[in-house]
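Residue numbers (numbering that gives the first Met the number 0), protein chains in the order written: chain A, 0 to 247; chain L, 0 to 245.
Hints listed in this document are in silico derivations from the structure and should not be mistaken for laboratory results. Here the structure is a predicted model, which means the values were calculated and not measured. Treat the hints with care, as some may be off.
Short derived list, chain A residues pointing at chain L, Cβ under 7 Å [to be verified]:
id, residue
1, L50
2, R74
3, N88
4, V90
5, R92
6, G102
7, L104
8, L113
In silico negatives: residues of chain L with every beta carbon more than 10 Å from chain A [said to hold, decoys possible]:
id, residue
9, R39
10, V111
11, G145
For glycine and all other residues, C-beta sits at the position ideal for the given N, C-alpha and C.
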Amino acid sequence: MIEVSGLRVVLPPATVVLDGIDLTVRQGEFVVVLGPSGSGKTTLLRALNRLVEPAAGTVRIAGRRVTGAPPAELRAVRRQTGMIFQQFNLVRRATALENVLAGRLGYVPVLASLLGAFPRADREIARACLERVGLAHLADRRADRLSGGEQQRVAIARALAQSPVVVLADEPTASLDPALTGTIMDLLRGINEERGLTLLVSQHQLETALAYASRIVGLRRGRIVFDGPPAAVGPAVVRAIYGDGAPA
Amino acid sequence: MRRAALFVGLLALAWTAWDTGADPVRLARGVPWILDFVRRMVPPDLSVLPAALAGALKTVEIALLGTAVAAVLALPLGFLSARNVAAPALFYPVRAGLNFFRSVDTLVYALVFVAAVGLGPFPGVLAVVAYTTTSLAKLYSEAIEGIDPGPVDAVRATGASRLQVLRFGVLPQVLPLFLSYVLYRLETNIRAATVLGFVGAGGIGFYLQTYLRLIDYPAASTVLLVTVAMVMVVDAASSRLRDRLV
Chain A
0 MIEVSGLRVV LPPATVVLDG IDLTVRQGEF VVVLGPSGSG KTTLLRALNR
50 LVEPAAGTVR IAGRRVTGAP PAELRAVRRQ TGMIFQQFNL VRRATALENV
100 LAGRLGYVPV LASLLGAFPR ADREIARACL ERVGLAHLAD RRADRLSGGE
150 QQRVAIARAL AQSPVVVLAD EPTASLDPAL TGTIMDLLRG INEERGLTLL
200 VSQHQLETAL AYASRIVGLR RGRIVFDGPP AAVGPAVVRA IYGDGAPA
Chain L
0 MRRAALFVGL LALAWTAWDT GADPVRLARG VPWILDFVRR MVPPDLSVLP
50 AALAGALKTV EIALLGTAVA AVLALPLGFL SARNVAAPAL FYPVRAGLNF
100 FRSVDTLVYA LVFVAAVGLG PFPGVLAVVA YTTTSLAKLY SEAIEGIDPG
150 PVDAVRATGA SRLQVLRFGV LPQVLPLFLS YVLYRLETNI RAATVLGFVG
200 AGGIGFYLQT YLRLIDYPAA STVLLVTVAM VMVVDAASSR LRDRLV
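Next up, chain L with everything else stripped away, as it sits in the complex:
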């Protein structure tokens, strides 16, 4: 039985390799082209550095603003989709809605919002908000479902109202986790925001795509280096903050 399952699994994988045209020989033949690409990128053209830095700043702004707004919007949704807090009449529809909207990636949201509000960083912010709200709401609700029910009972027993119970019995238990999730989302949003420019939603991706289209590889490599530096700086800062929280 188990062997049959393994066989079927391997067969399926083999078929996907054939269907996607996966071919190690083709990859090997492509290596010189990759090397050529890299060779044409050095030395980086530092004259575009100011533009790259401005783009990076825009990307950080998109991620920061989008994550901050989403962190707040996700709060009520997180509570409403936590099994141990929300009434079933709310829990099921909210959770279903979140699952639906979370199945769409930030980049797809960006396409939608560019069409809706036009080019620039603003649709990028909206896209980050849309995806991050649903993903944070899910993380929040899982944190809420994992709390110790003891303090919640104790606060209920004092005659506190429902909102007071959430504020004094639940929130103190989950707040550090929430903040840590928000920082984690900020890190991934910086990465996601780097490609938002590809679809016209602002930030450093716009420059990368432009220089690649113009076949200006030295300029593109400057943009890439700035992107890498930006992601590393934000990651380091954010993970240091997260360590302090727990």
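Okay, chain A solo, but in the shape it has when bound:
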């Protein structure tokens, strides 16, 4: 579902953030990218839909090329690749439902959408997604009036509204109260199981990663240092990922 080979990302002026990343994710997998902060987790996820432009290597999602795709083709791939961010990245002044509707932008007629008009079918999809994350009753509330946990659930609904085949989640719980980590991760596991969605989630928290992942990819200094099932993550692997410092 996700095929990455030889991925290299250089951020200006000349920092090599990722180098020689090879990764294949099959449909329905729940992959957690584990690594200390600064290991390149965020950059890896953002390079997969080219929010960050890779310097070299290829990325394919659901069989479509991402790297080298011209704008229209790139938008088509992005449309079926949901993304969830550490800081939620909702439009604060817009309502929960309006934020979720943004997930439909790749599907609706452009001109009408610019005037704020969305087809009824798309509105219904957005509403259903908001209901799936348990926030139907807050549809008309402005995003900046929602709690952090609610905002992240709206962001998940926005990703679901894209009818995605893949969801990328960049440290989805790092900005939240630890008590909410389970809620968000359970929600992600739920959509992974019920829709057979392929999930690639970055985490810096070892326990959470082990509890939810079907597969762990360990990242350290921009390289993959481990790739295997959670059961195979022992002290040696933890040391390989986190170095001598204790895992956070």
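With the hints as your guide, set chain L onto chain A.
Structure of chain L alone, referenced to chain A:
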């Protein structure tokens, strides 16, 4: 080093005082004349009130129409001159053009447009449009450059097109600021429009200048009072609206 700079600065200021003939004694000698001027203005001649009010209305109209048109014209220019949105090939020429045209004041534009389309409020409207478009475009672009990039990334990630990204990721963040800038420009344009009449571009300034030329100070003072009232009313209304926006 710092002391030398201060010394040079003071020297320069002293020279400008000499060069402009700035002289406190001369000002003091002028005070009786100012008092005489004020004394001759009271009581105001209220018989010209209808004309003054009509002029004030014209001035408000000039400022309103000019600001409204400029608010719209400045939109594309604001986006094209925002570093984080526009391609460098557009950003640099647009910004340079805006800087060039913004260096000219509304009153100077009025002179140009009076020459081009003749006397009356219309060249006044054009002058307000010309200056306000460039100044709003600058304010818009600064607002755009200050946005949170997070929601923009999120909207891009949905597969939205460039225009959709601007509409759904950028615009909601800056719209309240834009409206607040427009109201602020409206306030300053009312003030600017009061003197447009001096160069033949319509509004209450025309009456003020006419009565001053006719040495009809009581009539001029009525016009002045109406001007002050008009500016205060518009300021109050506009600032109340602005408070609601933020």
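Hints and how they fare:
| no. | hint | verdict |
| --- | --- | --- |
| 1 | L50 | holds, 6 Å |
| 2 | R74 | holds, 4 Å |
| 3 | N88 | holds, 4 Å |
| 4 | V90 | holds, 5 Å |
| 5 | R92 | holds, 5 Å |
| 6 | G102 | holds, 5 Å |
| 7 | L104 | holds, 4 Å |
| 8 | L113 | holds, 5 Å |
| 9 | R39 | holds, 55 Å |
| 10 | V111 | holds, 36 Å |
| 11 | G145 | holds, 14 Å |
In this structure, every one of the numbered hints holds.
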